[in-house]
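Visitor: Put together the whole structure using the sequences plus the hints.
2 protein chains.
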Amino acid sequence: MKHIFTCIILIITLSSCTNVKNSKTTENQVNKKDSIVIKNIFNTALTNGQSYQWLDYLSNEIGGRLSGSHESIAAILWGERLMQDLRFDKVWLQDVMVPNWYRGEKEEASFTLNTEKYNVPICALGGSIPTPVTGITGEVIEVQNLEEVESLGEKLRGKIVFFNRPFDNTHIQTFKAYGGCVDQRYAGAMVCGKFGAIGAIVRSMTSSIDDYPHTGAMSYGDIAENEKVPTAAISTKAANLLSEKLKENPTLKFYFKQSCKTLPDEPSHNVIGELIGTEFPDKIITVGGHIDSWDLGDGSHDDGAGIVQSIEVLRLFKLNGIKPKHTIRCVLFINEENGLRGGKKYAEEAKAKNENHIAALESDSGGFTPRGFTFEATNENAELFLSWKPLLAPYGLSEIEEGHSGADIGPLKSETISLFGYRPDSQRYFDYHHAETDTFDKVNKRELELGAASMASLVYLLDTYLK
Amino acid sequence: MKHIFTCIILIITLSSCTNVKNSKTTENQVNKKDSIVIKNIFNTALTNGQSYQWLDYLSNEIGGRLSGSHESIAAILWGERLMQDLRFDKVWLQDVMVPNWYRGEKEEASFTLNTEKYNVPICALGGSIPTPVTGITGEVIEVQNLEEVESLGEKLRGKIVFFNRPFDNTHIQTFKAYGGCVDQRYAGAMVCGKFGAIGAIVRSMTSSIDDYPHTGAMSYGDIAENEKVPTAAISTKAANLLSEKLKENPTLKFYFKQSCKTLPDEPSHNVIGELIGTEFPDKIITVGGHIDSWDLGDGSHDDGAGIVQSIEVLRLFKLNGIKPKHTIRCVLFINEENGLRGGKKYAEEAKAKNENHIAALESDSGGFTPRGFTFEATNENAELFLSWKPLLAPYGLSEIEEGHSGADIGPLKSETISLFGYRPDSQRYFDYHHAETDTFDKVNKRELELGAASMASLVYLLDTYLK
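Chains as they are written, first to last, in the working numbering: chain C, 1 to 467; chain W, 1 to 467.
Hint data in this document are derived by calculation from the structure and do not stem from the laboratory.
Treat the hints with care, as some may be off.
Just so you know, same-sequence chains aren't split out, so a pair can sit in one copy or run between any two.
[What the hints assert, rightly or not] Derived BS3-like pairs (lysine-lysine); straight-line CA-CA distance at most 25 Å: (1) Lys176 - Lys32; (2) Lys413 - Lys253; (3) Lys467 - Lys323; (4) Lys237 - Lys442; (5) Lys176 - Lys39; (6) Lys194 - Lys155; (7) Lys159 - Lys106; (8) Lys467 - Lys253; (9) Lys283 - Lys261.
Note that this is a predicted model, so its numbers are computed, not measured.
Guide: What follows is the structure in structure tokens.
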């Protein structure tokens, strides 16, 4: 650590010489006070935290909670009641209509080669149309990307397109690997219907080679109804097997069946609770995650973790007697997974009411051990945030850098607001993401609690220093 | 990251002005080459790594491998064969006699309160004597530390001493919490026999509140045979329950039975393989972990991970065509857990042969996501190691600092050698440490592989720059 501290001293010295008004002594006192507050936040989170017990209830008693489902409403009411029980200054539901896609019966898929039948773990992608009740069967064309579909054109007629570009495991941040191949899942079906393909299957978005298919959002964009084809994800093991067997027999036939459907939109809600600011009640700092999840697992990491951590931030403020100068608002956004209606509605209403949002923090990268925060901000504020590194680094939060914040708070973006994403370690996230393996037993208590304390510490610094 | 890079530039500028001989251009070129080599090491580990598959075999086919057991010999022969198959330049076994403690039949424990019987998960501590075949039964005195035993003195006669000081969960590094209470396990039985206590039980060394007892080494020091009492660990849940029930009835009777015994020492081996240096074959850099484990789980994190990572370091050198200037030696030490005979023997023989060991790196903190390295070195070398931070930080290795290296390489310590410990994230380690839950399914493939690549990168830098 020596070097870092040398740096910090250098930076403090340099900044003291140039543009900091307070004397060095005052600054050190302020920093000392901050480091004590942050230490107290971590101590209470680690010895008296509630986030893990809440997540246990949300995951194991309510479970998966796709927008429009009964479970999503149960989760919303649970969140509202919890914030009331915690005596936040104000708690309310914000109405929003959400899409209502329903998986239906368990999907089936298989292919046969030399009389041997291979069953394939498969799941419909969120938003897909169903297959006919007898399923669809067709030859398979394996492709690596969307462009290849365009170049194949009419050769796709009557075929099932198999998108098989894998995760690039050389990325240290797994979100980069995800970003590098998720277009196949999101837009695969959209691009191949116009050439007469009858279906699209996609390799699951994970670096893990296993038997679990990973669902996720897809879109047909604005293509015509008759060009829409059913689409599904197969497990990575199945994708490797199918690819191998296609080399043996390029005309083997693949079968899959799914009965998902899109029902009419349903009324739903964002859950909002706040601590009202003592000095600037009209200036708002929002912290949140999304209350909906996919339906296969119980959504513990995506994004039960973000939900319970966000509520815990406000509880840690109260527990430590921190009375925020600004209003601190906890938002449990609905429908991040397949529509972002909650995030959009929250921003729309904020605009309509002329609310003054000065900062927002989102936790939607799982409940893993802390690494840091990414932010989108003005240069001046960026400098301020980077100056907090020495305060946060002792808690594993050494990666404070510019970058994407989060989907739900994205619509709040303006020239003045500072947006943050909580960044836990990313190595295990895509093992579970959107699959039936995203369950409570994959969450470590201390890791989750450290995340909540990390977020509370950042919100404390924002409340203290952000103008 | 901006600040960090500003710092780095400052440091580079400052060092260029003062004590670095090469011009800045040359230095940048060198750094660029290093960063390419390190990137290649990570790429190959993440796309073509073998450590996870090896650990699967070691954990699931051989399993727990306490010193002196058949399994420990199977593991040693497996390690030797693997290094031979990988065509290391030289592979051999180094003979060493090891203790041979044997757990015997499954332990039993219980207590009764108001006619209700509570069974307690328990395990003998490594090195303990057995109870009589009918077990022992006695009143319990709960204490928080060794000093309290001394002050209680004769009040302990005929009693079972219950050491119940818990992990301090406010430590961010869990090893600090472990260090803060492990004296109870190691020395508890040693201090209470002289006052006529009949047994000692200890709260398991973990922050997790669960049903798994955690074993580990204990010592009787040089106390008389008749002062030795049997000792065991109970689970944290059982410790909390017992403590609570003792408040209801301080005279409740606790029973436990164990049939462990210490057999005569057994012949065993360190496994050693090396790549011979092209320029300085007589200067040695050692990398290793320990091949023995406790018997309850399969020792995947402690220390199967360190073993397979150490072997992988040499394989990654070969795979990337890195021909080391110095001899790189991989050592699988035997008997770290209950004697350190392997580590001591290796250092003794190095001294006897007048070998020149310039550096050693140990991985014995689990196969978790990388955080950094600790080192023990001269001031001059410390400065060199800290200058590598910018090369390692992109891989999550931001914590490079002075600190304890490792138990097995400790005996090599001299005024000139640089000793390193690989430091993965510590949050989950003590959930599994020395318990039946330390199993292969707790290891994440990418995390393990990143650790191996981290270690190979450090060894590459040591080989390139260390004099």
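Visitor: Against each hint, give a clear statement of whether it holds in the structure.
Guide: Here is what the structure says about each hint:
Proximity of lysine 176 to lysine 32 under the C-alpha cut-off of 25 Å is restricted to the inter-copy arrangement: shortest distance 23 Å between copies versus 37 Å within a copy. Taking the shortest alpha-carbon separations for lysine 413 and lysine 253, neither the intra-copy value of 48 Å nor the inter-copy value of 65 Å comes in at or below 25 Å. Only within a single protomer do lysine 467 and lysine 323 lie at most 25 Å apart by alpha-carbon distance; the minimum there is 17 Å, versus 56 Å between protomers. For the homomeric pair lysine 237 and lysine 442, the shortest alpha-carbon distances inside one copy (21 Å) and between copies (21 Å) are both at most 25 Å.
When the C-alpha separation of lysine 176 and lysine 39 is checked against a cutoff of 25 Å, the pair qualifies only between copies, where the shortest distance is 16 Å, while the shortest distance within a copy is 32 Å. When the C-alpha separation of lysine 194 and lysine 155 is checked against a cutoff of 25 Å, the pair qualifies only within one copy, where the shortest distance is 12 Å, while the shortest distance between copies is 87 Å. Only within a single protomer do lysine 159 and lysine 106 lie at most 25 Å apart by alpha-carbon distance; the minimum there is 23 Å, versus 60 Å between protomers. For the identical chains of this complex, lysine 467 and lysine 253 are neighbours neither inside a copy (63 Å) nor across copies (63 Å), given an alpha-carbon limit of 25 Å.
Neither within a single protomer nor between protomers do lysine 283 and lysine 261 lie at most 25 Å apart by alpha-carbon distance, with minima of 42 Å and 69 Å respectively.
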